[in-house]
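S.K.: Listed below, chain by chain, are the residues.
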Amino acid sequence: MRFRLQSRRLMRLLRVDIILINIIAWCFALVWLLPFIGVFMVSVRPYGEVIVKGWWNILDATFTMDNYIKAWSYDPYSVSGGYINSLIVALPATIVPVAAASLAAYGFSRFSFPLRSYLFLLIILLMALPQQIVVVPLFLLLKDLRLINTFPGIILVHSAWGMAWITFFMKNFFDILPREVEEAARVDGASDFKIFYNIVLPMSLPGILSASVLQFTWVWSSFFFELIFLIDPEKWVITQRIANMKGTYFVDWGLIAAGSVFAMAVPLAVYMLLQRYYIRGFVGWAVKG
Amino acid sequence: MSGPPRGYFRSLVFLLPALTFITVFVIAPSIATVFLSLYVDGQFSVAKYVEVVSERSPDKALIMITSRPESPPWGALVHNIIWMAIHIPLVTLLGLLLAYLLKYTFGSSVVKTIVFIGMVIPMVVGGLIIRFMFDEHVGVVPLVFNALGVDFLAKTWTNYPQLSLLALILGSVWLWTGFSLTVYSAALGSIPSSFIEAARIDGAGHWHIFWKIVFPLVRPATIIVVVMTMLWDLKIFDIVYVATLGGPGGSSNVLALVMYQYMARALDYEAASAVAVILTLLTLPPGLWLALRLRRGG
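Order-wise, the sequence lines are chains A and B. Sequential numbering from 1 applies to the first sequence in the working numbering. Sequential numbering from 1 applies to the second sequence in the working numbering.
Hints listed in this document are in silico derivations from the structure and should not be mistaken for laboratory results. Quantities reported herein were computed from a predicted structural model and do not represent experimental measurements. A few of these clues could be false.
Claimed, not checked - To be clear about the criterion: a stretch of chain B counts as covered by chain A if any three or more of its residues have a C-beta under 8 Å from a C-beta of chain A, and this derived list gives those stretches:
{"no.": "1", "region": "10-19"}
{"no.": "2", "region": "24-31"}
{"no.": "3", "region": "133-147"}
{"no.": "4", "region": "176-184"}
{"no.": "5", "region": "234-240"}
{"no.": "6", "region": "265-278"}
{"no.": "7", "region": "282-295"}
What the hints assert, rightly or not - In silico DSS-like cross-links for lysine-lysine, where the CA-CA straight-line distance does not exceed 27 Å:
{"no.": "8", "chain 1": "A", "residue 1": "K246", "chain 2": "B", "residue 2": "K155"}
{"no.": "9", "chain 1": "B", "residue 1": "K155", "chain 2": "A", "residue 2": "K53"}
{"no.": "10", "chain 1": "B", "residue 1": "K112", "chain 2": "B", "residue 2": "K212"}
To be verified - Partner residues are not named here, just some residues of chain A that face chain B (Cβ under 7 Å, in silico):
{"no.": "11", "residue": "N22"}
{"no.": "12", "residue": "A29"}
{"no.": "13", "residue": "W32"}
{"no.": "14", "residue": "I51"}
{"no.": "15", "residue": "I124"}
{"no.": "16", "residue": "L125"}
{"no.": "17", "residue": "L138"}
{"no.": "18", "residue": "W253"}
{"no.": "19", "residue": "S260"}
{"no.": "20", "residue": "A263"}
{"no.": "21", "residue": "P267"}
Glycine is no exception: its CB is placed at the ideal position from the N, C-alpha and C atoms.
When you get a sec, could you build the whole thing from the sequences and use the hints?
M.R.: Here it is in structure tokens:
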């Protein structure tokens with residue numbers, strides 16, 4: 001009896017707690033979402049109206065796609081051109097490092113060779129480097145190679161930059177794969193590369209997908225390398241274009257908001273569609289250990 | 001390792017493509033930057049370091065001793081340190097507190113997704129949104145302060161030296177909390193719920209459970225959050241470039257942006273290299289710590 005009374009009181013106490021906790025958590029979420037709501041509201045309304053009434057004022061609001069249409073073909077920094085350039089850069093700058101780093105990760109996971117653990121330590125250490133440490137010599141090198149202001153140039157730089165963390169991430173993935181099938185294939189006389197290509201890679205698709213999703217969104221969102229290596233506005237990727245999207249005489253937030261929605265739509269779509277892989281990849285390299 | 005150790009000639013085939021990329025485009029240029037910063041007019045010299053550290057113009061200064069103490073500019077290096085001093089505790093506590101609350105929240109995955117959006121969007125967009133939120137005409141923050149009658153804060157924050165740095169730091173809290181929340185959620189998930197239930201049966205309140213049980217148990221996650229946030233704060237660039245370009249008057253400048261200004265504006269590659277090396281030296285201790293830890297775990 002005594003126990004029951006106590007547990008009932010506990011339940012009531014808990015319920016008040018939990019209601020309060022829910023309110024706090026959802027208020028927090030709302031505050032965090034508010035900037036995005038603001039950007040969205042400004043992007044779908046005429047800027048003149050926003051200035052007068054405020055975007056939070058939705059009474060007799062006018063909704064229009066004008067900002068999006070304007071941003072899509074905004075001269076000379078059109079979103080459409082930025083989308084094409086960003087895809088031209090981000091797709092190869094995902095495929096190349098994922099392929100090369102997966103090979104290297106398999107080497108680190110399955111072979112032993114001198115200095116292996118030091119080499120691996122060095123590769124992890126590279127993940128902490130700021131991009132500023134490489135750009136001056138790279139700028140001079142790419143200029144000599146006539147790759148400055150070209151897509152192949154920036155693709156090479158991004159591929160190399162992604163190599164370290166993808167190697168680290170894929171090695172962790174390969175380490176936990178079961179080895180039995182590989183051993184059996186080796187006994188049957190299959191070559192190392194055949195084992196990697198026919199057995200390990202198909203088993204590793206979730207890991208490869210996680211790495212690709214993250215690398216793609218990071219290259220898509222990248223700005224500093226582009227600022228240094230892509231000079232000609234024709235070549236500018238989406239991030240460079242929206243950074244330069246101002247009105248002629250004043251800051252046109254309608255235009256910038258629409259451009260921002262365009263720029264974040266792609267990584268957000270990738271995240272929403274492949275959330276499981278995104279988070280797994282994200283937590284995989286940040287929390288492992 | 002299972003099976004016999006295999007020869008390194010065979011492993012070389014696997015390592016070669018990635019190592020070539022890394023050597024040519026990451027390691028060699030990093031070393032070249034160090035040399036560039038130490039050779040001035042063909043001679044070994046630390047003159048460029050002396051120059052960049054003693055620089056007094058607000059737009060490029062790393063440390064400004066003469067500046068008014070009550071408001072920036074204090075120099076980019078000092079701004080980075082202030083950034084860490086405010087950003088790290090806020091992000092760590094907010095992330096852990098929210099991760100704990102979400103254990104009892106309905107639709108917690110929706111809340112997590114919302115907070116995580118800041119991690120997914122390009123930081124250039126993040127910087128634009130920060131400027132937007134603190135804009136006198138369209139932003140919500142000055143509107144709120146206007147309603148509260150605090151005139152000093154009811155204006156475009158990014159236009160005033162006293163407020164621009166703070167606006168960026170608060171904006172970076174908004175962007176980066178998704179990181180700490182995600183790390184802490186994973187860490188909390190691995191705490192046996194019997195620990196917390198037992199404490200609750202014993203009559204412990206949420207606050208007590210949070211500080212006395214949860215906080216010590218997630219220590220490894222806390223260290224990861226602190227180190228990763230430190231690295232992120234040191235390398236911060238995009239949001240500053242887009243929101244304030246380090247201004248007004250260098251009041252929100254940071255190391256990475258000073259490096260860019262030396263390189264792209266002044267075309268002084270040696271000075272740019274010196275700043276890049278200073279920035280890298282600051283990232284090395286947390287980076288090395290992270291590397292040692294990740295190797296052990298991985």
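S.K.: Against each hint, give a clear statement of whether it holds in the structure.
M.R.: Structure-based check of each hint:
Here's how the region 10-19 of chain B fares: 9 of its residues keep a CB closer than 8 Å to some CB of chain A, so the rule of at least three is met and the hint holds. Three residues within the 8 Å Cβ limit are the bar, and the region 24-31 of chain B against chain A gives 7, so the coverage statement holds. Only when three residues or more bring their CB closer than 8 Å to a CB of chain A does the claim for the region 133-147 of chain B stand; here the count is 7, and the claim holds. Residue count for the region 176-184 of chain B with a Cβ under 8 Å from a Cβ of chain A: 4. That meets the three needed, and the coverage hint holds.
A stretch counts as covered by a chain when three or more of its residues have a beta carbon under 8 Å from one of that chain; for the region 234-240 of chain B and chain A the count is 4, and the coverage holds. Taking a C-beta to C-beta cut-off of 8 Å, the region 265-278 of chain B contributes 6 residues in contact with chain A, enough for the three needed, and the coverage statement holds. Counting residues of the region 282-295 of chain B whose CB lies closer than 8 Å to any CB of chain A gives 11, so the stated coverage by that chain holds, three being the minimum. With a C-alpha separation of about 20 Å, the suggested pairing of K246 of chain A with K155 of chain B holds against the 27 Å cut-off.
Distance restraint check for K155 of chain B and K53 of chain A: the Cα-Cα separation of roughly 17 Å lies within the 27 Å cut-off, and the hinted pair is therefore satisfied. Of the supplied pair hints, the one linking K112 of chain B and K212 of chain B holds, its CA atoms being roughly 24 Å apart against a limit of 27 Å. With a least beta-carbon distance of about 5 Å to chain B, the hint placing N22 of chain A at the interface is held under the 7 Å criterion. Checking A29 of chain A against chain B by beta carbon gives a least distance of about 4 Å; that is within 7 Å, so the hint holds.
A least Cβ separation of about 5 Å between W32 of chain A and chain B falls short of the 7 Å threshold, and the interface hint therefore holds. With 7 Å as the threshold, the beta carbon of I51 of chain A comes within range of chain B, its nearest partner Cβ sitting at about 6 Å, so the hint holds. A cut of 7 Å between beta carbons decides the hint on I124 of chain A: the least distance to chain B is about 4 Å, and the hint holds. Hint on L125 of chain A holds. Least Cβ distance to chain B is approximately 4 Å, under the 7 Å limit.
Nearest Cβ of chain B to the Cβ of L138 of chain A: about 5 Å, under the 7 Å cut. The hint holds. Taken as an interface hint, W253 of chain A checks out: its beta carbon lies about 5 Å from the nearest beta carbon of chain B, inside 7 Å. The interface hint given for S260 of chain A is met, as the beta carbon of that residue sits about 5 Å from the closest beta carbon of chain B, less than 7 Å. Hint status for A263 of chain A: holds, given a least beta-carbon distance of 5 Å to chain B, under 7 Å.
For P267 of chain A, the interface hint holds, the least distance from its beta-carbon to any beta-carbon of chain B being 5 Å, beneath 7 Å.
The earlier numbered hints are all upheld by this structure, with none contradicted.
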